[in-house]
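K.L.:
Sequence:
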Amino acid sequence: MPYFPTIELTPQVSLLLARGALRLNPGQWVRGPKGHGRYLRTDPRTGTTYVSWLRAGDDWETASQRFSRACRKGFIGRYRGGYEAEKARREMARLIADADHASGAPLRDERQPTLF
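Mapping of the sequence shown onto numbering that gives the first Met the number 0: position 59 corresponds to residue 58, and the numbering continues sequentially without gaps.
Think of the hints as simulated: they come from the structure by calculation, not from any bench. C-beta atoms are modelled at their ideal positions from N, C-alpha and C, and glycine is treated no differently. Be a bit skeptical, because a hint or two may be false.
Unchecked claim - What follows is a list of derived Cβ distance ranges for each label pair:
#, residue 1, residue 2, range
1, Y49, P1, 21 to 27 Å
2, I95, P1, 42 to 48 Å
3, R93, D42, 21 to 27 Å
Take the sequences, apply the hints, and build the full model.
P.N.:
Following this line, the structure appears as structure tokens:
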């Protein structure tokens, strides 16, 4: 992996990220008001920058696991391909729920087992 310098997240840099004038790679180290962290992404609609921040007392393994978990949950980097499948699954669940509401079927609480 090539070396990328740590980027200071100043208000100007955050504005450039929000406007799309500056792009950072996921995993690139940044420094901001909360300390050091690894860049995840910037939401183009809201301009919010998401970072996996290091916490006090974190060792390398814990910080790495937190960053990996954030990448999986946010479909970032190599997990980006899973977003289309998740989007289709959510759409199918919404269509099934709409069909159940339209047919007048009684609502089931999925957390409770069905007793026969």
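K.L.:
Run every hint past the structure and note whether it holds.
P.N.:
Now for the hints, and whether the structure bears them out:
| no. | hint | in the structure |
| --- | --- | --- |
| 1 | Y49 / P1: 21 to 27 Å | holds, 22 Å |
| 2 | I95 / P1: 42 to 48 Å | holds, 46 Å |
| 3 | R93 / D42: 21 to 27 Å | holds, 22 Å |
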